[in-house]
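J.: So the chains spell out like this:
Protein chains: 2
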Amino acid sequence: MVNRRTFLRSSLASAALLSLTPAFSKREAEMSLLFAPSSEGKEGAGNSTIKSPVPDDDFHLGMAGYTFNKFDLDTTLAFMQKIDVHYLCIKDFHLPLDANAEQIAAFKAKLAAANVIGYAVGPIYMKDVAAVDIAYAYAQRVGVDLLVGVPGTWGDTAPNREVLDRIEQKVRETNIRLAIHLHGPDMALYPDATSIWEDVKDRDPRMGMCLDIGHNLRYGSDSIRDLKRYAKRVLDIHLKDVTAPTKAGHAIELGRGIIDFPLFIKMLRKVGYKGSVSLEYEKDMNDPFNGIAESVGYFRAVQKTTR
Amino acid sequence: MVNRRTFLRSSLASAALLSLTPAFSKREAEMSLLFAPSSEGKEGAGNSTIKSPVPDDDFHLGMAGYTFNKFDLDTTLAFMQKIDVHYLCIKDFHLPLDANAEQIAAFKAKLAAANVIGYAVGPIYMKDVAAVDIAYAYAQRVGVDLLVGVPGTWGDTAPNREVLDRIEQKVRETNIRLAIHLHGPDMALYPDATSIWEDVKDRDPRMGMCLDIGHNLRYGSDSIRDLKRYAKRVLDIHLKDVTAPTKAGHAIELGRGIIDFPLFIKMLRKVGYKGSVSLEYEKDMNDPFNGIAESVGYFRAVQKTTR
Chain A
1 MVNRRTFLRS SLASAALLSL TPAFSKREAE MSLLFAPSSE GKEGAGNSTI KSPVPDDDFH
61 LGMAGYTFNK FDLDTTLAFM QKIDVHYLCI KDFHLPLDAN AEQIAAFKAK LAAANVIGYA
121 VGPIYMKDVA AVDIAYAYAQ RVGVDLLVGV PGTWGDTAPN REVLDRIEQK VRETNIRLAI
181 HLHGPDMALY PDATSIWEDV KDRDPRMGMC LDIGHNLRYG SDSIRDLKRY AKRVLDIHLK
241 DVTAPTKAGH AIELGRGIID FPLFIKMLRK VGYKGSVSLE YEKDMNDPFN GIAESVGYFR
301 AVQKTTR
Chain B
1 MVNRRTFLRS SLASAALLSL TPAFSKREAE MSLLFAPSSE GKEGAGNSTI KSPVPDDDFH
61 LGMAGYTFNK FDLDTTLAFM QKIDVHYLCI KDFHLPLDAN AEQIAAFKAK LAAANVIGYA
121 VGPIYMKDVA AVDIAYAYAQ RVGVDLLVGV PGTWGDTAPN REVLDRIEQK VRETNIRLAI
181 HLHGPDMALY PDATSIWEDV KDRDPRMGMC LDIGHNLRYG SDSIRDLKRY AKRVLDIHLK
241 DVTAPTKAGH AIELGRGIID FPLFIKMLRK VGYKGSVSLE YEKDMNDPFN GIAESVGYFR
301 AVQKTTR
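Same order as they appear, the protein sequences are chains A and B.
According to our numbering, the first sequence is numbered sequentially starting from 1.
According to our numbering, the second sequence is numbered sequentially starting from 1.
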């Protein structure tokens with residue numbers, strides 16, 4: 001248990017960190033000036049009900065575009081503003097693979113107006129070399145440095161070496177990283193983090209994985225162990241909770257399932273993960289908004305309370 | 001920082017608590033049997049991604065009915081099922097003060113079907129002795145043991161002793177407790193916890209307060225200090241976050257404001273609070289659902305992570 005004295009001590013330590021931590025948000029910096037811990041019992045400043053500032057993390061909460069596959073971009077962006085989330089992995093139903101420069105400019109203007117950063121594209125399935133070229137040309141036109149993709153199609157049972165070779169060539173040409181998406185027991189091709197690791201470990205270091213912590217766990221693999229084990233190759237993360245570590249496990253609001261989020265978030269910090277932790281919410285996809293909001297609230301509280 | 005060894009040790013301690021803690025939920029007990037921590041690195045059982053069970057708290061999350069003042073009972077109950085919250089303080093727009101036995105029975109059947117417990121009625125304003133009689137007769141017909149109320153009306157500047165005397169008489173007759181609602185700087189009558197304490201401390205111990213941690217803080221009073229100081233008389237709690245400890249402070253999603261929820265929840269445990277912590281969400285009252293869900297997720301995560 002943290003007692004009051006420990007609490008005040010850690011508050012002061014946090015305040016001291018202020019000048020050292022550039023990632024500190026402006027709002028929190030302002031708050032700490034207004035409400036710096038002072039003598040106990042005094043009201044206003046020193047009011048124990050008022051929280052101390054917490055330094056920002058290097059990683060950020062985002063949304064996997066797939067979450068909104070029943071909703072248009074305007075609805076998606078309005079909702080993201082409401083829940084105060086500002087990173088989106090762009091899915092093709094919001095911006096098609098054949099989008100031209102004008103369409104891409106209009107798309108990016110909408111994101112900018114909503115204060116949302118499109119940090120990556122995908123997941124994109126690349127069944128052959130031609131599909132790789134299309135996907136990479138698209139990522140270049142959109143102007144992202146990360147492509148979430150699958151080198152193959154849903155029915156494949158083995159990785160396609162030719163496709164992987166072409167991707168590696170494209171990664172070197174464009175400096176756009178590839179994060180291979182894993183899909184747990186639902187898909188034979190890349191069910192878990194280890195299966196991706198095996199195929200990328202001897203390739204360009206910009207080839208890695210989008211670690212879906214739910215699907216990986218549904219395959220029986222330990223997602224927190226794998227985050228640690230494969231940290232160098234974890235380029236994107238799909239955040240979700242699931243009800244069981246089996247194929248029968250299904251997506252659920254964060255906190256209602258079996259994943260240990262405090263431990264997960266501590267591991268993100270331990271390995272120095274700096275990318276997006278993007279909620280891919282696959283429950284109630286016709287009306288996912290309350291569940292997403294609950295999940296976002298849960299994630300934020302774990303972030304705050306585990307510093 | 002909790003390292004892996006400390007984590008495993010605390011997991012084992014939690015598992016040991018199982019047989020001692022009757023408040024443990026069935027689901028969590030089942031999970032602990034399925035996923036008891038075992039040898040490190042082994043998959044399935046011993047998977048570090050799977051959280052350890054956390055004992056339930058003695059207090060429970062609820063909803064203040066006022067939150068839904070733009071919505072009918074059916075909408076309210078359907079949403080409460082969605083967010084998995086099961087305690088409701090009954091507001092008169094859902095069940096009028098003059099409801100007869102038949103109307104009350106129909107109302108209670110709806111709550112039971114939604115797995116919701118109507119744990120109290122109110123807030124009810126009682127401007128005179130006749131209003132006290134009406135409110136208490138209503139609470140008796142509804143069958144609750146707690147009435148959240150204001151002994152007076154919105155414009156009052158001083159407590160009405162005659163009304164308080166009548167309430168005390170009714171408390172003794174009916175054994176229905178009174179929780180006086182405070183309203184911060186918006187209302188001269190009972191702006192904070194101390195003002196209520198002064199009026200109830202020498203009265204029947206079943207007379208106390210509904211501590212609204214947001215309004216109390218907006219008055220400049222320290223809600224966590226007051227929860228500790230007046231614990232014996234805190235009979236109900238309105239949960240909210242606010243943006244500033246002043247009249248200009250307004251309601252906001254839990255976690256986005258200035259209240260230190262980890263410290264608040266630790267204090268609930270420290271004082272042994274056993275009642276409802278009822279979210280009264282006063283932002284976006286025409287469309288509060290996402291904000292409520294986010295707040296519920298935030299509260300639950302703080303509960304889990306501060307054990």
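Take the hints with a grain of salt, since some may be wrong.
Intra- or inter-copy, both count: the list cannot distinguish identical chains.
[To be verified] Under the rule of at most 27 Å between Cα atoms (straight-line distance), these lysine-lysine pairs were calculated in the DSSO-like manner:
1) K201 - K70
2) K274 - K110
3) K70 - K270
4) K110 - K228
5) K283 - K201
6) K266 - K108
7) K247 - K82
Just so you know, these hints were derived from the structure itself, not from any lab.
Every value quoted in this text rests on a predicted model; they were computed, and no experiment measured them.
J.: Each of the hints needs a verdict: does it hold here or not?
T.: Checked hints:
1. K201 - K70: neither (36 Å within a copy, 57 Å between copies)
2. K274 - K110: within (25 Å within a copy, 48 Å between copies)
3. K70 - K270: neither (36 Å within a copy, 46 Å between copies)
4. K110 - K228: neither (36 Å within a copy, 49 Å between copies)
5. K283 - K201: neither (33 Å within a copy, 50 Å between copies)
6. K266 - K108: Classified as neither; 33 Å inside a copy, 45 Å across copies.
7. K247 - K82: between (33 Å within a copy, 24 Å between copies)
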